[in-house]
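S.K.: The lines below spell out each chain.
Protein chains: 4
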Amino acid sequence: MKVSIPETIEEWNARGSEYLPGYLGFNFVMVTPERVEAQFSVHKHLLAWNGFLHAGSVVTLADTCCGYGTVASLPDGAVGFTTIDLSTNFLGTALEGVVACVATPAHKGRMTQVWDAEVVSLKNSKVMAKFRCTQMVLWPRD
Amino acid sequence: MKVSIPETIEEWNARGSEYLPGYLGFNFVMVTPERVEAQFSVHKHLLAWNGFLHAGSVVTLADTCCGYGTVASLPDGAVGFTTIDLSTNFLGTALEGVVACVATPAHKGRMTQVWDAEVVSLKNSKVMAKFRCTQMVLWPRD
Amino acid sequence: MKVSIPETIEEWNARGSEYLPGYLGFNFVMVTPERVEAQFSVHKHLLAWNGFLHAGSVVTLADTCCGYGTVASLPDGAVGFTTIDLSTNFLGTALEGVVACVATPAHKGRMTQVWDAEVVSLKNSKVMAKFRCTQMVLWPRD
Amino acid sequence: MKVSIPETIEEWNARGSEYLPGYLGFNFVMVTPERVEAQFSVHKHLLAWNGFLHAGSVVTLADTCCGYGTVASLPDGAVGFTTIDLSTNFLGTALEGVVACVATPAHKGRMTQVWDAEVVSLKNSKVMAKFRCTQMVLWPRD
Chain A
20 MKVSIPETIE EWNARGSEYL PGYLGFNFVM VTPERVEAQF SVHKHLLAWN
70 GFLHAGSVVT LADTCCGYGT VASLPDGAVG FTTIDLSTNF LGTALEGVVA
120 CVATPAHKGR MTQVWDAEVV SLKNSKVMAK FRCTQMVLWP RD
Chain B
20 MKVSIPETIE EWNARGSEYL PGYLGFNFVM VTPERVEAQF SVHKHLLAWN
70 GFLHAGSVVT LADTCCGYGT VASLPDGAVG FTTIDLSTNF LGTALEGVVA
120 CVATPAHKGR MTQVWDAEVV SLKNSKVMAK FRCTQMVLWP RD
Chain C
20 MKVSIPETIE EWNARGSEYL PGYLGFNFVM VTPERVEAQF SVHKHLLAWN
70 GFLHAGSVVT LADTCCGYGT VASLPDGAVG FTTIDLSTNF LGTALEGVVA
120 CVATPAHKGR MTQVWDAEVV SLKNSKVMAK FRCTQMVLWP RD
Chain D
20 MKVSIPETIE EWNARGSEYL PGYLGFNFVM VTPERVEAQF SVHKHLLAWN
70 GFLHAGSVVT LADTCCGYGT VASLPDGAVG FTTIDLSTNF LGTALEGVVA
120 CVATPAHKGR MTQVWDAEVV SLKNSKVMAK FRCTQMVLWP RD
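Protein chains in written order, with the numbering used here: chain A, 20 to 161; chain B, 20 to 161; chain C, 20 to 161; chain D, 20 to 161.
Derived by calculation from the structure, the hints in this document are not laboratory data.
A hint or two may mislead.
No copy labels: a pair is met if it fits in one copy or bridges any two.
[Unchecked claim] Straight-line Cα separation of at most 25 Å, SDA-like style, residue types lysine to any residue; simulated pairs:
| no. | residue 1 | residue 2 |
| --- | --- | --- |
| 1 | Lys-127 | Asn-69 |
| 2 | Lys-145 | Val-48 |
| 3 | Lys-63 | Gly-116 |
| 4 | Lys-127 | Val-117 |
| 5 | Lys-145 | Ser-23 |
| 6 | Lys-127 | Leu-114 |
| 7 | Lys-142 | Gly-70 |
| 8 | Lys-63 | Met-130 |
| 9 | Lys-142 | Glu-26 |
| 10 | Lys-63 | Leu-157 |
| 11 | Lys-63 | Gly-44 |
| 12 | Lys-127 | Glu-115 |
| 13 | Lys-145 | Gln-58 |
For reference, chain A alone in the conformation it holds in the complex (with noise of 0.2 Å):
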């Protein structure tokens, strides 16, 4: 499978709509090869039943966030890729307001890629979290 890329930030949008990302209600504002940045509003839906948001929602928005970075840097030749581990370490949670992501690379070889993110409460600019995933790029089988 050879991944298309979105050429536009309303398709990389529009790319998403039916599946987690859409979902979740996640809007991605840029999408470039050394940077990606991206956003929820804090729903009931993204919560955790004690009232936080959940770590998954953090997580998945990281993630999403890495991932698309990733398929914008894909090499040339290179077919798609897969997440091999992530990590996340917590350091806030957001109530209420805009909770934003930027993604960036740490590190672009050919057999994988390391990228990082940091997710951000916009109401009082505190990092509320910090993740970091490998990537393996796919190549065709000879």
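We have chain A; now place chains B, C and D onto it with these hints.
M.R.: Below, chains B, C and D without anything else, positioned relative to chain A:
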């Protein structure tokens, strides 16, 4: 905030029904202090737009299982918990069928709990992901 | 570089004797494709200056076990491996006595292997650390 | 146990000289609450027997830097810290020359600190590893 703990599996499912676990269609089968089991059926809204299960769906399932297990394991007097960090290794994916998670505690201390979870595709019994997280137990402020 | 694989436990220990595993006093007890065991005795040079075992000693023991297991598990034609990432959760420490590690594979693929290791204090049989790493299998360039 | 904090860089190096940091030849260049720097020269006893730098050497350097930074950052009244967990992504290696680490805090809370470290080969200025850890701050028992 003192967490009140559901007593039946129906109550566990009802508690999360309007929050992220319900929104993603998670079904809890067992919640005990020593083992938590839950599952979802693969639907389009749990996928990334490459057609594979989104890493966020897998992580959210595992994280929710571990969180419920932590709540069910809180020591007397504790008032809640917060996830400090999590990591996930992805070993495979699923395109259809039921995805199930089993979470078990690796450590239950007064200050922290560490939980492991394994996510399996029931279609082929293959392990899709291995997850580990650290929870900080919250105590009342004097 | 094609790795030549030791055949006896004496050879495994001899191979590392002038390198970090030998320098830290690691003793390998078993190296097989499905299980690796090694241990060290707590000495001052393995501690941090607060008197507790240094996290680096624990991680190095676990990482070495997983690396040896990966070498013993390399598929035909592979020429080596490299560690992509690792994570460790610390659950306890040891002030004296023997510290032992058991490593087992969680995944053996053509491109990657994932290994788990558990580090235990033999003095009280308590788990001190849980470790997980991802290895990339290296193949000859065409 | 109340940790007494070294005041000069000579004291920081002296304090660890008989422990793992000294045994591995780490040289601390700067220890402040906001930045820690240390380095080592590549020697055979820091390698794995495939001739590459052992992951354990890299992790131990980074972990020690973060630990010293945590000590230098302990809030008034705290009596020490313990590492809860760490993760490392490996991006490259070094066969010779000097390897340097810079650690900086990502979060300093009353209960936990999160530190980031980056390990670089000074020979080619390439990032070899990115490290992150969580420290729990220890308080006196009432």
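S.K.: For the identical chains here, do Lys-145 and Ser-23 meet the 25 Å Cα criterion within one copy, between copies, both, or neither?
M.R.: neither (35 Å within a copy, 29 Å between copies)
S.K.: Taking 25 Å as the upper bound on the Cα-Cα distance, should Lys-142 and Gly-70 be classified as within, between, both, or neither?
M.R.: within (17 Å within a copy, 34 Å between copies)
S.K.: 25 Å Cα cut-off: does Lys-127 pair with Glu-115 within a copy, between copies, both or neither?
M.R.: between (35 Å within a copy, 23 Å between copies)
S.K.: Are the CA atoms of Lys-145 and Gln-58 at most 25 Å apart within a copy, between copies, both, or neither?
M.R.: within (14 Å within a copy, 32 Å between copies)
S.K.: How would you label the pair Lys-63, Gly-44 (within, between, both, or neither) given a Cα cut-off of 25 Å?
M.R.: Both ways: Lys-63 and Gly-44 sit 12 Å apart in one copy and 15 Å across, limit 25 Å.
S.K.: Is it within, between, both or neither when you check Lys-142 against Glu-26 at 25 Å Cα-Cα?
M.R.: Answer is neither; intra-copy 31 Å and inter-copy 36 Å both fail.
S.K.: How would you label the pair Lys-145, Val-48 (within, between, both, or neither) given a Cα cut-off of 25 Å?
M.R.: Answer is within: at 20 Å inside a copy they meet the 25 Å cutoff, but 31 Å across does not.
S.K.: Please work out whether the CA atoms of Lys-63 and Leu-157 approach to 25 Å or closer within one copy, between two copies, in both situations, or in neither?
M.R.: Answer is between; shortest inter-copy Cα gap is 23 Å, intra-copy 37 Å.
S.K.: Since the copies are identical, ignore which copy is meant and state whether Lys-127 and Val-117 lie within 25 Å (CA to CA) inside a copy, between copies, both or neither.
M.R.: between (30 Å within a copy, 24 Å between copies)
S.K.: How would you classify Lys-127 and Leu-114 at a CA-CA limit of 25 Å: within, between, both, or neither?
M.R.: The answer is between: 21 Å across copies meets 25 Å, while 35 Å in one copy does not.
S.K.: For Lys-63 vs Met-130, is the C-alpha pair at or below 25 Å within one copy, between two copies, both, or neither?
M.R.: The answer is neither: 39 Å in one copy and 28 Å across copies each exceed 25 Å.
S.K.: At 25 Å max between alpha carbons, let me know whether Lys-127 reaches Asn-69 within a copy, between copies, both or neither.
M.R.: between (39 Å within a copy, 21 Å between copies)
Checked against the numbered hints above, the structure violates hints 5, 8, 9; every other hint is satisfied.
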